[in-house]
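Novice: Okay, here's what each chain looks like letter by letter:
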Amino acid sequence: MNANLHLWLIPLLPFAGFLINGILGRRLPKRIVTTVALLAPLAAFVVVLLAANSVFSYAYTVCKGCTLTTGSIFLPYVETCPLPWINAGLLHIDFSFVLDQLSLVMLLVVTGVGFLIHVYSVGYMSDDEGYARYFSYLNLFLFFMTVLVLAGNALMMFFGWEGVGLASYLLIGFYFQKKSAADAGKKAFIVNRIGDFGFLIAMFLLVANFGTLTFSEIGARLGANPAWQGGVLTIIGLCLLLGAAGKSAQLPLYIWLPDAMEGPTPVSALIHAATMVTAGVYMVARTHIIFDHSPFALGVVATVGALTALFAATIALVQNDIKRVLAYSTISQLGYMFLGCGVAAYSAAIFHLMTHAFFKALLFLAAGAVIHSLGGEQDLRKMGGLWRKLPITFAVTTAGVLAIAGIWPFAGFFSKDAILYAAFLQGTSGKILWFVGVLTALLTAFYMFRLWYLTFLGEARSPQGHTHESPWSMRGPLLILAALSVCGGWIGIERFSGFLVPSVGARVAETGSAHLEFILTAVAVAVALVGWFIAHQFYKQKTELPAQLAAQYRRGYKLLAGKYFVDEFYGATVVKPLLGFSKLILEWVVDVGILGGAAWLLGGIATFAGAILQRWQSGNLRSYAAWLAAGAAAVLLFLMIPWATAIHFGWAGH
Amino acid sequence: MSSFLQQEVPLSWYLLLSAALFSLGVVGFLIKRNLITVFMSIELMLNGVNLSFVTFAHQWNAVKGQIFVFFVMMVAAAEAAVGLAIIIAVFRARATLAVDRIDRMKL
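Respectively, the protein sequence lines represent chains A and B.
Count the first sequence with the numbering used here and you get residues 909 to 1562, in order.
Count the second sequence with the numbering used here and you get residues 37 to 143, in order.
Bound conformation, chain A alone (with noise of 0.2 angstroms):
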């Protein structure tokens, strides 16, 4: 018996929101455009409320034993719209939303977190002009966030996956006027086209070799063949990878994420760390099934996490802008996640995208604190000293700060620290992984420590006139989140992962033991302990060394502070020869060229003509007068010569 749970009420009621507040919001009162703004994602957050609910009681009846009652439901839970998307010879795609474990947990995390952090909004862009705009947008994102969590085919997920990548690019670019945002907007888009591509191609090998885009038909497939183990499936995974690395800001594609934080602050936290980003997650966890029949592309996916993680942090060592720090250690928590799916611990990457998206929107949220009150100051070594103005702020970033640098027993300490176990158990790579991971952690803690110890301890290092608290609307989310960061991980993984285990398979070859694990967790925590001294000698006790360790490696300073230098990379070997070409070729030869010569030609040509004809419009009464006796003439004659007859009547088709 199943309960009907109005799954499409998810994404449609923020589209409504959109709807009305993208048509209409201009000219009504900013009171209605707020509670239609906030009251879209609250109903939402309402709907996947009551479908935990009928989910976890289920569950509860399980537990005892006892027979199901009215109200409970069956996982994967299917709602399919009755008319058919595409219906193109074999290939049939529905519009169908699915929930299961997987998609209940992201459905939680996107519209919960979501909810906040529109609420957050309601203060920090209260003086902007674009308030309706602002939130139509938002609204709109979770719209096409919902649609990618709840698809049931590889083709709505897509849907979803191009849609949020449009708010995206609205969000980013939503000063518009300002042309480094608009420029941030376009890089984000572009770069993400490479990432589509590479899902649109697997989309493609999908429907050659399975002829079908719903991904329980493929996991039906794939279960039924155990034995059919990499080949195509292995391309089908990298370029699954690919569109991943790419709404994940992954290596290489990894570029666009720290542009895009000219968007306002609450997007940042929203999209570009909480929710949106995560979804290259969530879409391997989603077709794990495929990794996990090609060991080779599930060895790519861990390396390219590992690999992001450590590079995006050594990056986040040396930034002074206080988002980011935030967001390249968000591409080393993205990277972290990858790392998990890598070795199989869906669950474990699922768990870190969860609590990271807790204390990363949180992060992001005081930030955002930090600068409102600042009066729009972002650089880190202007600020300093504010615990004492921003108390609030304060305890709520220490709360974050201690969370992502997985200090026990704040939420970060629990996933992360799954995520290295489950590494460390796959054999000589995995310890390779693990190790990367927990160097990870180190610099993680100190580069975190670092933001906190220059924004809210020392001195203030620049006049910061009136500072204040934020008003409740922001204050409010802030503690929620800052609640969350320190218990979001006392659930546990094993709970979690058990939860979890129908969706993303059990996982095979534990071989740990509570011995190991101990072990591995005072590591973790003794190299985030290590992090934090460091980060206190230098920037509470010897304040002096930082400045000193940077002149003395001035080389390895500029490299990291340029970020490796790899925008520049690009722009020299991608953006510069793709420019030119399209200079040189497509404009001049092309466009100038063919286009514009042909263009010349045909004009050339009916010019020439018309000066030879206008000759015979010469204005003169009895030149016409000759002409049109000459014609009539020629009829004349044409129909008494005997052979023009025939052709004549030959052609009325006689």
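Note that these hints are calculated values from the structure, not bench results.
Where a beta carbon is used, it is the ideal one built from N, C-alpha and C, also for glycine.
Don't take each hint at face value.
[Stated by the list, open to error] Here are some chain A residues pointing at chain B (derived, C-beta under 7 angstroms): (1) Gly1527; (2) Asn1528; (3) Leu1529; (4) Arg1530; (5) Ala1533; (6) Ala1534; (7) Ala1537.
[Claimed, not checked] Here are the simulated distance ranges between beta carbons: (8) A:Ala1507 x B:Ala121: 40 to 50 angstroms; (9) A:Ala1538 x B:Leu53: 19 to 29 angstroms; (10) B:Ala121 x A:Ile1549: 40 to 50 angstroms; (11) A:Leu1547 x B:Arg69: 30 to 40 angstroms; (12) A:Met1548 x B:Thr132: 35 to 45 angstroms; (13) A:Leu1536 x B:Leu53: 15 to 25 angstroms; (14) A:Ala1519 x B:Met76: 35 to 45 angstroms.
Use these hints to put chain B onto chain A, whose structure you have.
Specialist: Then chain B, alone, in the frame of chain A:
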């Protein structure tokens, strides 16, 4: 003699006359420089055609041809009225009736 008088004028004679009148009209239209003469040439062409209409109407004992001629004469009268008015207007504007010099309409 009487047999000669009783003989009808052959069809071809009428048609030849008609063609001759029409051709004279065409030639006059083409070579004359005065607008009024050109106008008269048009009348000549119309009447050349009228003659052939009447000829064939008589030949085939069909009254349609005769009726057509009345129509042509009526239209010609109207055309003469309008045409002469235009000629007067042109003369007032340009102080000439030379066809070759009334060529302001060309580009």
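Novice: Hint by hint, where does the structure go against what was stated? Just the numbers, ascending.
Specialist: none
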